[in-house]
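Fit chains B, C and D to the supplied structure of chain A, relying on the hints for placement.
4 protein chains.
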Amino acid sequence: MSSSFGTLFRISTFGESHCAGVGVVVDGVPSRLKLEASDIQVQLDRRRPGQSQLATERNEADQVEILSGVENGLTLGSPIALLVRNKDQRPQDYGSMSQIPRPSHADLTYRQKYGIHASSGGGRSSARETIGRVAAGAIAEKFLALEYGIDIVAWVSSVGTVDAGAIDFSAVTRQQVDASEVRCPDQAAAALMSKQILEARQDKDSIGGVLTCVCRNLPAGLGEPAFDRLEARLAQAMLSIPATKGFEIGSGFVGATMRGSLHNDPYGFENGRLTTLTNHSGGVQGGISNGENVYFRIAFKPPATIGLAQQTVDYQGNKVTLEARGRHDPCVVPRAVPIVESMAALVIADLALIQKMRQPL
Amino acid sequence: MSSSFGTLFRISTFGESHCAGVGVVVDGVPSRLKLEASDIQVQLDRRRPGQSQLATERNEADQVEILSGVENGLTLGSPIALLVRNKDQRPQDYGSMSQIPRPSHADLTYRQKYGIHASSGGGRSSARETIGRVAAGAIAEKFLALEYGIDIVAWVSSVGTVDAGAIDFSAVTRQQVDASEVRCPDQAAAALMSKQILEARQDKDSIGGVLTCVCRNLPAGLGEPAFDRLEARLAQAMLSIPATKGFEIGSGFVGATMRGSLHNDPYGFENGRLTTLTNHSGGVQGGISNGENVYFRIAFKPPATIGLAQQTVDYQGNKVTLEARGRHDPCVVPRAVPIVESMAALVIADLALIQKMRQPL
Amino acid sequence: MSSSFGTLFRISTFGESHCAGVGVVVDGVPSRLKLEASDIQVQLDRRRPGQSQLATERNEADQVEILSGVENGLTLGSPIALLVRNKDQRPQDYGSMSQIPRPSHADLTYRQKYGIHASSGGGRSSARETIGRVAAGAIAEKFLALEYGIDIVAWVSSVGTVDAGAIDFSAVTRQQVDASEVRCPDQAAAALMSKQILEARQDKDSIGGVLTCVCRNLPAGLGEPAFDRLEARLAQAMLSIPATKGFEIGSGFVGATMRGSLHNDPYGFENGRLTTLTNHSGGVQGGISNGENVYFRIAFKPPATIGLAQQTVDYQGNKVTLEARGRHDPCVVPRAVPIVESMAALVIADLALIQKMRQPL
Amino acid sequence: MSSSFGTLFRISTFGESHCAGVGVVVDGVPSRLKLEASDIQVQLDRRRPGQSQLATERNEADQVEILSGVENGLTLGSPIALLVRNKDQRPQDYGSMSQIPRPSHADLTYRQKYGIHASSGGGRSSARETIGRVAAGAIAEKFLALEYGIDIVAWVSSVGTVDAGAIDFSAVTRQQVDASEVRCPDQAAAALMSKQILEARQDKDSIGGVLTCVCRNLPAGLGEPAFDRLEARLAQAMLSIPATKGFEIGSGFVGATMRGSLHNDPYGFENGRLTTLTNHSGGVQGGISNGENVYFRIAFKPPATIGLAQQTVDYQGNKVTLEARGRHDPCVVPRAVPIVESMAALVIADLALIQKMRQPL
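Residue numbers (the numbering used here), protein chains in the order written: chain A, 27 to 387; chain B, 27 to 387; chain C, 27 to 387; chain D, 27 to 387.
If we strip away everything but chain A, and leave its shape as in the complex, we get (with noise of 0.2 Å):
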């Protein structure tokens, strides 16, 4: 288990489906920072289950409790641990699976791993666990945003085989993003985004995405080469969510099919400073944010659980079919987003931190 991540923003999850709660410690917080429960809990709307027919049907809450680090609305410099307690539990939902490994998901391996396994539901790879980073996530965005006006918005921009069209990487908004239920900026994608998904839904089945994201306002010298590159470190925080299978910075797999003349980003000088007149980068040279749009795209696969029967093998090895129960979302990306949006902002902030060092006191 290694369930902290930073070095000087620096965060520690816990909590898993069943248990009493879920939540983080987050260490290295700069103290002084104007900081409320609200500012946390509103992306843990955006990220709480039961919110719109695309989603699974376990309703939660998820009202977060500052514990410790903040007073008088200011943060203290000290860790802030968040708590937020699971009601919604039905692990009656999961006996019957408890002799077979639901195929694709973390049953088997986490047996191989520890031996044991939370009786019900995911355990520590259940969604849930999420909740602690986007928790985290939250009080890295405002940090970021206060101190050096970076945003950050991340969208679907496809699901199944249902692209977005071209979005404005410099003007796309959270407000537009939210204004379908599918979380795709592009209106007429998102009506068949979520024709895909409840049609996913009601054959029992489930279906994979993409996320873009971008952050803006970054400014230039983040990213430590050579293993913590900005793109190293995006890509370790993109990969440890839940379900994903790739990630792509810049102009990622497409641009291993271009020659060098096309995909170099030439420099010109705007307002006082050099910048690029392309982007292919994604805002990074050499493991170092250059002061461009940082933007890259992350994988969903299709969640496992499923309704559909599936032939699979019991522990045993005994050839079974099995039908699983239990309340589970027919596609992860449109609640992923502000996941996406929350480690990204958890990786900025940290090499924010660390990038201070090279500042006279």
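Bear in mind the hints are in silico, worked out from the structure with no lab data behind them.
Source: prediction; values computed, not measured.
Hints may be right or wrong, so weigh each one.
Just so you know, same-sequence chains aren't split out, so a pair can sit in one copy or run between any two.
Cut-off 25 Å, straight-line C-alpha distance, at most; resulting in silico cross-link-like pairs (SDA-like, lysine to any residue) [what the hints assert, rightly or not]:
1. K221 / D189
2. K168 / K382
3. K382 / G141
4. K168 / E62
5. K382 / L61
6. K230 / G294
7. K60 / G141
8. K230 / G76
9. K168 / E296
Coordinates of chains B, C and D only, in the frame set by chain A:
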């Protein structure tokens, strides 16, 4: 600068293009491992420049010296320091470029971050930085091979728009990979890939490509949720390699278009253990290895240094035309093969040592 | 703020005197360990204020709640979060002190470091911060006892100028320690120590003391040279406890006056293994445990908060007379016993897990 | 093996007595720092063997080579690798001892831990391991001197039963320290100390001693509660040095005998800032520097290697008489002076860089 990687099997790399040497300190190597310089040299030889017409003309023997940690051919359990002296340096190649940040190179961002820039070449963003990784990775590989029978094979799966055909992940060998200069085991594709690279070189241009890597015989149970999941650590490791733009494991971005009923890997029972009948997961579930083949792909952009004239600006913002001199690779993927293998080995060795804590003493 | 400690057995503590609660997240606890809240409560009860006339009058039940990581009385291998709510808060006690930094307290340095200071009491420098350590340490102790038969006993070996007589390191028990309120197993000395503490209290003053701790049945091989030697990690752990000023292991400062011929611990052979005939080393050689008793001493200064009038200055530099109010311990060493034991257990548990990497899987 | 130390200013040492060389990689050194090999050599010269009749006869020039990270006399911000070749090796001195674990040496524990032991000398437990620390510490010292005006001076304050008289912590210089071979600035005591050491040597015995170290001009605010308090990190650093048995800061163990009214350091106001009128705290309150002198003492045991006959047993448990050969120091404290200064500098440099995160960019 964060030049350390790993928790228990931990490396610290050093060196840039034009200093006395490059190398690595490897801490946490199990004691009593048989180790000689030749075990390391073999992978350095696959990485070194000047191997073929597809690579840079810089010619370095890259002979490794073991400075510490090994006695009478056995590791002592103490840090193993490895040194490769720089030989073929031509700082004069870079003089004219000191006033112009090369597009899509790290010249500008290193200046922004550190307020100084190595006078010549890419400093730590240069490919020479990877020598320490490859040297350390060779030790990790030897440990994994001897203790678990793990083997790791990477190859070039695309260059530009040329893709290799189907490769048998369970059978492909390094010998097959090295049969062509471009390091693609599909000989027909290899010929086309070489042609694309030579054309790019002839045009004073460069070209991108994709590597695929498979890791076989991993025991189940490796990977530390939540943040050090196997795929998260692999993603960080791969995106920390210069020129990388994307990573995907198992079904990757294609998996995001699929439905769960098709994507799920049902279990079967074979040779006394549960296996998966398909492997869209890429050998990892819930961030933990399940005993199947772990495979992933990495996108490399075209090298930024090209001889073609580029319209850009100098550090003062004046418009200039840049025609880069210096020796450089028209395509990095053939030489990236041992780098990817090494980074994979370092991740797996570290997670394997960590997993040992879960056993009784 | 660095509120995390440990590499594989890793804790992250949180909370200050007057927030909602204090606690800890413990990551890396082996799975399938039998664990109930009562295992933890027993050490919290030994630490809690209000136990006797020798301690502060602040009265806190300090009931622990296990929030995560345990199911049906067994650990899951996932992070265990523990919470103790703050109850008996009297922020009004501190209002008058907000303009005066208490001498030898952390009021000024917290302001200098963070630019803000918890309005009341010592914030993170308060003894309440140690609750998380004790709770986590109780888990570490249970693991060490069950897996290795290790037991750890600390006691008060001096208060002011009163020293305990010789204690048998191989035999002393917690029951003997707890037989006196002052927690000194030498009953004659204990009476004199209590007298010194009560006199200090009567004088509105405070007094310092020394703890001794012995750790028995450690396997040989624990400790990671060069920087995580067993004694180095113990020293860090002990000096991280509030009010500590010194640490010595084995012969300690007395050993520095000796000659090698007297100080060396020659080997004998007993019960099939090499033992040392004396133990000036304190159970550690070259930073690694050798299987003998590990023992060490920790110096605690007199508590800084005293009722006696002190001539000092306020934050503006104006001369003032301070008579501190608030409830405080006249001597910390009796309540420090479980804190020292817990920190020792955390160090040893971490090093024990690390040493497992040196075994074949 | 944990041969890394520090978070942002981070070192990784390597090398043992009889391999090709010893050294260190220093990561996180601020860029644009003026640095030449001579800055490092001066402290290595103070540490090297063969300086005087008080030390071992092993004669090593210990010339340092800067392998990377520096160009044209300026640091690049990249890792700085430093190498010192081993020259004067006499493995034949150790052949006869391979069957007998030397009492109070690390021979046995290294075997127990690693299952193997460097054939000759102390391996990583040898004093040669400290070369990397001293080389890295010299860089840290230069950074601290240039950026903050910090200076660090250590000296021998006792040898055996001879104590130095009062030393003025605010004024003592390295020149005064180096005025005597034994490195005690009290010349009368120095003569007695030398006598004790020479007598021990004549008797084929060894003797212990104590170092005192003062760090001046630290800015207020350094130290990271709870676990990386300044004194906790210093304690770890000092107890990681071979042969150390104790550490105390400020009033130390004597402070434990005092009452608070005497021990507390009241505030005064001088030169526009709050100062303390006494300094029992040792310049640290709540784990954070307060701007006063930081001072501490370290106990060193007598070296374990002595020529006197010792009754002990071999690895098989047979009784033997051991008369150690090989060259060794009769007392380590004179040569330990630069080691202690270096470890102090490494701790402070790391905490200074971390504290920078609390400033606006």
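Right, here's what the structure says about each hint:
In this assembly of identical chains, the alpha carbons of K221 and D189 lie at most 25 Å apart only when taken from the same copy (13 Å versus 34 Å across copies). With identical chains, the CA atoms of K168 and K382 are at most 25 Å apart both within one copy (18 Å) and between copies (20 Å). Taking CA atoms no more than 25 Å apart as the test, K382 paired with G141 passes between copies only; the shortest distance there is 13 Å, against 43 Å inside one copy. Taking CA atoms no more than 25 Å apart as the test, K168 paired with E62 passes inside one copy only; the shortest distance there is 11 Å, against 38 Å between copies.
In this assembly of identical chains, K382 and L61 lie within 25 Å of each other by CA distance both inside one copy and across copies; the values are 22 Å within and 22 Å between. For the identical chains of this complex, K230 and G294 are inter-copy neighbours only, at 23 Å across copies versus 53 Å inside a copy, given an alpha-carbon limit of 25 Å. For the homomeric pair K60 and G141, the shortest alpha-carbon distance between copies (14 Å) is at most 25 Å, but the shortest distance inside one copy (44 Å) is not. Taking the shortest Cα distances, K230 and G76 sit within 25 Å of each other inside one copy (18 Å), while across copies they are farther apart (57 Å).
In the homo-oligomer, the alpha carbons of K168 and E296 never lie at most 25 Å apart, since the shortest distance is 28 Å inside one protomer and 39 Å across protomers.
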